[in-house]
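Enquirer: First to last, the sequence lines map onto chains A and B. Numbering-wise (numbering that gives the first Met the number 0), the first sequence opens with residue 0 and increments by one. Numbering-wise (numbering that gives the first Met the number 0), the second sequence opens with residue 0 and increments by one.
It is worth saying that the hints were derived from the structure and are not from the lab. Certain hints may be false.
Cross-link-like lysine-lysine pairs, in silico, DSBU-like; alpha carbons within 30 Å at most [to be verified]:
no.: 1; chain 1: A; residue 1: K161; chain 2: A; residue 2: K80
no.: 2; chain 1: A; residue 1: K284; chain 2: A; residue 2: K135
no.: 3; chain 1: B; residue 1: K211; chain 2: A; residue 2: K284
no.: 4; chain 1: B; residue 1: K78; chain 2: B; residue 2: K89
no.: 5; chain 1: B; residue 1: K78; chain 2: A; residue 2: K80
no.: 6; chain 1: A; residue 1: K135; chain 2: A; residue 2: K80
Computed from a predicted model, the values in this text were never measured in an experiment.
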Amino acid sequence: MQIYLPIAEQSLNIFLILGMGGAVGFLSGLFGVGGGFLMTPLLIFIGIPPAVAVATEANQIVAASVSGVIAHWRRGNVDLKMGFILLVGGGAGSTAGTFIFRVLREMGQIDLAISVSFVVFLGVIGSLMLVESGRKLIPAKKSSAKRRKAHSHYWAHGLPLKMRFHKSKLYISTLPPLVIGFVVGLLAAIMGVGGGFIMIPAMIYLIGMPTNVVIGTSLFQIIFVTANVTFLHSVTNQTVDIILALLLLSGAVVGAQFGARAGVKLRGEQLRALLALMVLSVCGKLLFDLVATPSDLYSLSPVIGG
Amino acid sequence: MKRRPIIAALCLTAGVMGVQMGEPRDAHAQSLVAALSDPLIEINLGFSGANLLLFGTADEGDVVVVVRGPLEDVVVRRKGRVGGIWINRKFVTFRGVPGYYAVSATTALAAIASPEVLAEHAIGAAHLVFEAAEDLTPGEMTAFHDALVRNMESEGLYRAEKGTIDVIGDTLFRTRIEFPAEAPAGAYRVDVHLFRDGELVESQMTPLFVAKSGIERAVFELANEQPALYGIIAIIIAVAGGWFAATVFRRI
Numbered sequence: 000m001q002i003y004l005p006i007a008e009q010s011l012n013i014f015l016i017l018g019m020g021g022a023v024g025f026l027s028g029l030f031g032v033g034g035g036f037l038m039t040p041l042l043i044f045i046g047i048p049p050a051v052a053v054a055t056e057a058n059q060i061v062a063a064s065v066s067g068v069i070a071h072w073r074r075g076n077v078d079l080k081m082g083f084i085l086l087v088g089g090g091a092g093s094t095a096g097t098f099i100f101r102v103l104r105e106m107g108q109i110d111l112a113i114s115v116s117f118v119v120f121l122g123v124i125g126s127l128m129l130v131e132s133g134r135k136l137i138p139a140k141k142s143s144a145k146r147r148k149a150h151s152h153y154w155a156h157g158l159p160l161k162m163r164f165h166k167s168k169l170y171i172s173t174l175p176p177l178v179i180g181f182v183v184g185l186l187a188a189i190m191g192v193g194g195g196f197i198m199i200p201a202m203i204y205l206i207g208m209p210t211n212v213v214i215g216t217s218l219f220q221i222i223f224v225t226a227n228v229t230f231l232h233s234v235t236n237q238t239v240d241i242i243l244a245l246l247l248l249s250g251a252v253v254g255a256q257f258g259a260r261a262g263v264k265l266r267g268e269q270l271r272a273l274l275a276l277m278v279l280s281v282c283g284k285l286l287f288d289l290v291a292t293p294s295d296l297y298s299l300s301p302v303i304g305g
Numbered sequence: 000m001k002r003r004p005i006i007a008a009l010c011l012t013a014g015v016m017g018v019q020m021g022e023p024r025d026a027h028a029q030s031l032v033a034a035l036s037d038p039l040i041e042i043n044l045g046f047s048g049a050n051l052l053l054f055g056t057a058d059e060g061d062v063v064v065v066v067r068g069p070l071e072d073v074v075v076r077r078k079g080r081v082g083g084i085w086i087n088r089k090f091v092t093f094r095g096v097p098g099y100y101a102v103s104a105t106t107a108l109a110a111i112a113s114p115e116v117l118a119e120h121a122i123g124a125a126h127l128v129f130e131a132a133e134d135l136t137p138g139e140m141t142a143f144h145d146a147l148v149r150n151m152e153s154e155g156l157y158r159a160e161k162g163t164i165d166v167i168g169d170t171l172f173r174t175r176i177e178f179p180a181e182a183p184a185g186a187y188r189v190d191v192h193l194f195r196d197g198e199l200v201e202s203q204m205t206p207l208f209v210a211k212s213g214i215e216r217a218v219f220e221l222a223n224e225q226p227a228l229y230g231i232i233a234i235i236i237a238v239a240g241g242w243f244a245a246t247v248f249r250r251i
């Protein structure tokens, strides 16, 4: 059954979109990841214009994050104050990102920018995940873990504008969360991702937040950042496809529930290695498309702006 | 489906005219009459392309049908290799490019008229002339022009000389015009030309509209005319969808 997407202006099989939403949703439920970093490239692979893929996926992540944050909110695992500081940075970052996106689009370089960003981030994250799961799969002879102390003092503690975060039990400078929020906002606007894969490690290792509030707080701020991205892309680029977003999120929310249930039963490390391989193969495909000689050196696009 | 009786009426009219055309005694009688099976293509939720039937009658000669979509500005970019990766380098903006272009004829175009005559009437994608916004050498101009036509053809939007016209008896002809799902919305024109001995004898223009309808139209218009409102609606739908999913699945 075909469905015509009003903004992407093309006809696609409805079950393909629902299936993609379901599959990526399943993985995000299984691993507790957002899924944007897989969905945006997949949308591009099936022929959705990259600008539409990014803006629409940002819209879909709003739904995924709302759905995910509710459970964390009920358990009290959202640090609102920290979330707000991250959000200030995220708001600025996503606004700047949308502006950069627009400029790159007018220059005809947005497809390249999106691909290169994904190759870099997917490559780094996929490799790290693979190494980490490999380390856990192969029994370590001598563990060098426990390097990180609960209250280690490092350079970030010397920064000004300190603030107390009760929920995270921290008294730190607001500059690192502002900068992290900004960077993640930038990525959200250019890549159509929530940025949890950057945000969560950064919150743990750079800010030093306790792990129990990290996911809830990250999801909380992703809602607002991706909502801002959705709004700004709608206004500046008119590339948010509501019909596509609705189909993706329908598939994703169902998939995520099954993924979350499957995650309880299955053993994690092999699966994590599998996810790492998937991330790396998406990265490899994008890299191949950048490097391989295209079948036609010429391409068409409508006039943007001007 | 409400238009069915109208189509039937059109068929009937054309049929009657066809009979009249059989004996061209009146000097002012048209020697070429054509009609479309539908003057409107609606892009609705299930749209995946469309087929139209064009039929008519013509006196002795060769019939050429040219369908042209709405004019747009198109940027053609050429990739070059920089540091191992292919990136867009040189570009040309062409103005007045039809978003759709199809030619069908009773026989090969080359046998119908000389290239000069065909070019004069913009028959054949190779004869389309676009105005370039940037200065170009003639060689590059040709390369970019060819690339534009080639890309449009591979997307199924330019269907040059692929279609054929069936001739039934002496005067009746019909041809099927295919529109892919990517065909742009807007005003189209269908030109039916009658050639005899390499010269254009008569032409008839029929308008055709491709328009988004129903939810497709509502979404597209809102996105382009009220983008801020559209963005807010997109966010509300996503928040409601996410909240709904979390609530429903919590109870299961």
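Enquirer: Against the structure shown, which of the earlier numbered hints fail to hold, in ascending order?
Expert: 3, 5 and 6
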